[in-house]
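Following the hints, complete the assembly by docking chain B onto the known chain A.
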Amino acid sequence: MTTTTTTTPRLAGLRDALADAATMAGRSLRLASRDLDAMITATAVPVMILLMFTFVFGGAMAMDIDYIQYATPGIILLCAGFGAASTAVAVEQDMSGGMVDRLRSLPTRPWTVLFGHVAAALAKNLVTTGVVFGVAVAIGFRPSAGVLGWLGAVGLLTLFVAAIAWVAAFFGVIARTPDAAAAVSFVVMFLPYVSSAFVPVDTLPTWLRGFAQHQPVTPVIETVRGLLVPGTPGAVVGDQLGSTALVAIAWCVGIGAVFAAAATVAFRRRR
Amino acid sequence: MTDAVVVAEGLHKSYGDTPVLRGVGLTLHRGEVLALLGPNGAGKTTTVKILSTLLPLDGGSATVAGYDVVRDAAQVRRHISLTGQQVALDLKATGLENLTMIAKLSRVPRRQVKARVAELLDGVGLADVAGRRVATYSGGMRRRLDLAAGLIARPRVLFLDEPTTGLDPRSRRDLWELVRDVVAGGTSLFLTTQYLEEADELADRIALIDHGVVAAQGTADELKRRVGQARVELDLADAADALRIRTAFPDIADTASDTSAASPTVALATDGSLAHVRELIAGVESTGVVPASWRLREPTLDDVFLTLTGHAAHAPDAPEPGTTITQEKAA
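Quick note, the sequences are listed as chains A and B, same order. Position one of the first sequence corresponds to residue 1 (our numbering), numbered consecutively onward. Position one of the second sequence corresponds to residue 1 (our numbering), numbered consecutively onward.
Bound-form chain A, shown alone (with noise of 0.2 Å):
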């Protein structure tokens, strides 16, 4: 072996940081897609749920149209939750591992490791979401929206699992096992669940009322809605729907950016 000449590396500017970036989002992706048992939970999961609900609690729910129409929505919303479990699961175990000190002893800045990550959830995410909407389709979901809908739907779908991974990447850095990491996904879970995403917010008792229709994951259960099945039951329509989706945005964009800075000043300090 010759280690005799000496390559000195170039200055790392934002090509380098972009270049890592993409390495690390590659080697995620590659660890992920061998993960196969994360990847069928992943999708099982919110595929029962979504027969569940329409088949077991379905027929209880009073509303003027098949209740898939309105739980849709809320059910895609539920995937990013179980992929915030592997991501954080995955960034832990780089952490706790010898991993993490071989590449803060390379040249490649912290965000690009945890940014692998949160770009390996949203393309696995776009996985399981896909399955469990061709599911939905399958079992009676009929869309009606155009393609600046879908467009508009897929786009703030895609912010929203992003934040959701940088929240799940700051879990996963602070985190010291990976159970710990793990339990990021029952904070994601349970917050659809205290929205409009599987009954109509003015259902709920007055006292919950103020959280579900004030917490993030409402406006972007509602947008989705109303972009997709306008025609349902509380489908907020119109220049309502500009407003729903301007806080939606601000929602998914404020949590990403302050969990993706969280996330790096913890990587950068963990020891």
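The reader is advised that the hints may include incorrect statements.
Take a look, some chain B residues computed to stay more than 12 Å from chain A by CB distance [what the hints assert, rightly or not]:
1. GLY84
2. LEU89
3. MET101
4. SER171
5. HIS211
6. ALA239
7. LEU308
Residues from chain B that face chain A, not an exhaustive set, calculated with beta carbons under 10 Å [what the hints assert, rightly or not]:
8. ILE80
9. ALA88
10. LEU105
11. ALA149
12. ALA153
13. PHE159
Just so you know, the hints here were simulated from the structure itself, not pulled from any lab data. The C-beta atom is built at its ideal place from N, Cα and C for all residues, glycine as well.
Frame of chain A, contents of chain B only:
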């Protein structure tokens, strides 16, 4: 010194109220191997983490490859590589994929990545299994791949933190061979170990660290000379036997040990040569004393510590590399 690639002066570090480093000073010269030798908890890993920019220091200063580890951390990282105690590999990825990723992150020019990775896989003898996932590798193979990952960027200073802890003797020897090749190529090596034997095999100079202070520095021979020589230890039945042995070997028997104990042990100094050991055994037999058991002991890390720091090393999980012969006899 102008050819120094690592200079540490008065390094202080505490975790909370617990001081871990209390003024560590070290120098590593270009092309040299320095072994930081000490038991668990002595401060070896903390020192390596500070020098490789992973930990901030509380006091003192350090430069690596001419750059300050605090102010120019980014520059330091371009000239070093760290292979830590835990293997830093993705088990679900293949050997090839692992090295390719590190090569890209280490800024190996894109067109050279493939050739460089192939060269390293070949160098550590893993070319045949490059396409297999690391999860299927043995412990020794993982360490070799990990070492290869540390070499990709052709670092000026390589930090190896306890590279052979947990390896079987054969894998350890294989890894030593690799490390020698690397050093022969001109890389300066900063090694930590809890094995005297390992420091002896690889290092030009040894720094003995204990409780966050460098207790002694020098070549292996210098340190060993200060520690003393090999000993034949005899486990005896009673004080009367101990007295007979001491009378028979007045010059080389140790007089410090307690012979009033139920089964005393008496040590006889030897140069460790076959001829001298044979002579000693004949001498013991001629006294008519039959030891319950006996062994030849080389100076161990414990002896080094006992002599140079005045207390025993606390490395309960370290094997005893110095115990070369052990023979039990029926009493």
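Comparing the hints with the structure gives:
| no. | hint | result |
| --- | --- | --- |
| 1 | GLY84 | violated (5 Å) |
| 2 | LEU89 | violated (8 Å) |
| 3 | MET101 | violated (5 Å) |
| 4 | SER171 | holds (18 Å) |
| 5 | HIS211 | holds (20 Å) |
| 6 | ALA239 | holds (53 Å) |
| 7 | LEU308 | holds (30 Å) |
| 8 | ILE80 | holds (7 Å) |
| 9 | ALA88 | holds (4 Å) |
| 10 | LEU105 | holds (5 Å) |
| 11 | ALA149 | holds (7 Å) |
| 12 | ALA153 | holds (7 Å) |
| 13 | PHE159 | holds (8 Å) |
Consistency note: the structure conflicts with the earlier hints numbered 1, 2 and 3.
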